[in-house]
Amino acid sequence: MTQEDSALFITPDQLQIGLFIHLDLHWMDHPFPFGSFKLKSDEQINTLKKMGLKQIRYVPEKSDCQPAAMLAAEPVQRSEAAEPALPDPAIIAELAAKRQRQAEQERRKAQLAECTKAFSQAANTVRKLNKEIHSNPRETIAAAEQLLGTMLDSLLSNNDIAIHLMNEKSMGDDLYFHSLNTTVLAMLLAREMKLERAQIEHLGMATLMHDIGKVEVPDKILLKTEALNRAERSLYEQHCQWGVDAAKRAGLPPEVLRIIGQHHELCDGSGYPRQLKLDDIDPLARILAIVNAYDNYCNKINPADSLTPHEGLSMMFSHQKAKFAPVPMNILIRSLGVYPPGTLVQLSNEHFGLVVAVNASRPLKPQVLVHDPALVREEAMVLDLERYPELNISKALKASQLPRPVLAYLNPRKRMTYYFSPSETN
1 MTQEDSALFI
11 TPDQLQIGLF
21 IHLDLHWMDH
31 PFPFGSFKLK
41 SDEQINTLKK
51 MGLKQIRYVP
61 EKSDCQPAAM
71 LAAEPVQRSE
81 AAEPALPDPA
91 IIAELAAKRQ
101 RQAEQERRKA
111 QLAECTKAFS
121 QAANTVRKLN
131 KEIHSNPRET
141 IAAAEQLLGT
151 MLDSLLSNND
161 IAIHLMNEKS
171 MGDDLYFHSL
181 NTTVLAMLLA
191 REMKLERAQI
201 EHLGMATLMH
211 DIGKVEVPDK
221 ILLKTEALNR
231 AERSLYEQHC
241 QWGVDAAKRA
251 GLPPEVLRII
261 GQHHELCDGS
271 GYPRQLKLDD
281 IDPLARILAI
291 VNAYDNYCNK
301 INPADSLTPH
311 EGLSMMFSHQ
321 KAKFAPVPMN
331 ILIRSLGVYP
341 PGTLVQLSNE
351 HFGLVVAVNA
361 SRPLKPQVLV
371 HDPALVREEA
381 MVLDLERYPE
391 LNISKALKAS
401 QLPRPVLAYL
411 NPRKRMTYYF
421 SPSETN
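Mapping the sequence shown onto the numbering used here, position 262 (from 1) lands on 262, and the numbers just tick up by one.
Quick caveat, the hints were computed from the structure, so don't treat them as lab data.
Please note that a few of the clues may not be correct.
Unchecked claim - Calculated lysine-lysine pairs in the DSS-like style (CA-CA distance at most 30 Å, straight line): (1) K365 with K323; (2) K300 with K117; (3) K117 with K131; (4) K194 with K224; (5) K98 with K321; (6) K128 with K117; (7) K38 with K398; (8) K40 with K117; (9) K224 with K365; (10) K117 with K323; (11) K365 with K194; (12) K414 with K220; (13) K321 with K214; (14) K194 with K98; (15) K98 with K128; (16) K224 with K300; (17) K248 with K214; (18) K323 with K38.
Stated by the list, open to error - Label pairs and their calculated CB-CB ranges: (19) K40 with A322: 16 to 24 Å; (20) D279 with Q320: 16 to 24 Å; (21) R138 with Q102: 45 to 53 Å.
For each residue, glycine too, the CB sits at the ideal point set by N, CA and C.
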């Protein structure tokens, strides 16, 4: 017997904090974010009483207590559930607000569609850049400059920027996605640090091109999932200099060459190829080193070895702080939030969700795709937690911690790819 089969009906007067209830109403016919939830406040109970319902379904197995003045009851057939009476005026106002939030969600979907289109175009450009930089360097650099100019115009002309989780469709393009991911994050950090446009342009070009030297590294080394031996490591580390050489042949300026050459240098001297320390590393290379490490942690060659975005940021901040420049590291955390896009979470109402977007200026209240078995996946709610102050994120989760149906519903990405758009609040 399922929990739904064992549900009982009670009157509104029997409601108590701790009861898990289910409303037999369409999502738009009640003022709550979810149709099934555990009562946590007198305000929720008062709202339910104002709705004019004669009886409400509750699930004993999910409840922390029994209904008030519980009388012997038998399960009631769904068809016997009473229709709501005319609701209180306050409920009507709340439903109107909910319809407005639904309209906002539709606008977010349209915004995401535009963002996905821009991401796809950018990914195609980056794919072409990596393929033609050695054979047609001048035109390739011109195309890169055009892409960066478009991205930078958007970044600098909008006060609020939303960072979205993209739905990657092409496998085998890991290098291109990595270049684009790091470029998006590096330029975002540079913007938040209020750097000059010319500096952001240099950083963006260096980030797009930082791994072009890997064309000289054999695939058996690039695609190896086990630890590299000393000889393989020595060969792999040469990609920094090979990247500088290729960028120099393409006519890129010294500022860009320096960033490419130092993108694996770490502030404690443990990086390569020259084991530089903080003061000797170009300030823009420090930014690239941070976003490069973050993306590499979240997007391993074998996706099963990848850290979650939450784990990646936590490890860098808690256990590797000495390796990274403090100012851009703190800004990365402030911009992505404790729960970056791609993080699986449990909300304070015990529902599971997937963080799909973060507003860079308000990262503690991200947008979360929520698992709700009452809605099909295509109609799944994306809750902007900023609009629901009563909801917050309780904890981040690994995919293995989710029930299989929930995991299939949320469908977390094997690879984390990001792009940005102006926030809908602009």
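The hints, checked one at a time:
1. K365 with K323: Given that 30 Å is the threshold and the Cα spacing comes to 29 Å, the pair holds.
2. K300 with K117: 25 Å, holds
3. K117 with K131: 22 Å, holds
4. K194 with K224: Violated, at roughly 39 Å.
5. K98 with K321: 43 Å, violated
6. K128 with K117: 17 Å, holds
7. K38 with K398: Holds. K38 to K398 sits at ~24 Å (cutoff 30 Å).
8. K40 with K117: 41 Å, violated
9. K224 with K365: 38 Å, violated
10. K117 with K323: 36 Å, violated
11. K365 with K194: 23 Å, holds
12. K414 with K220: Measuring from Cα to Cα gives roughly 22 Å; hence the hint holds.
13. K321 with K214: Roughly 27 Å separates the two Cα atoms, so the pair holds.
14. K194 with K98: 37 Å, violated
15. K98 with K128: 45 Å, violated
16. K224 with K300: 10 Å, holds
17. K248 with K214: 15 Å, holds
18. K323 with K38: 44 Å, violated
19. K40 with A322: 16 to 24 Å: About 42 Å separates the Cβ atoms of K40 and A322, which means 16 to 24 Å is violated.
20. D279 with Q320: 16 to 24 Å: Given a distance of about 19 Å, which is inside 16 to 24 Å, the answer is holds.
21. R138 with Q102: 45 to 53 Å: Once the Cβ atoms are compared, 50 Å apart, the range 45 to 53 Å for Q102 and R138 holds.
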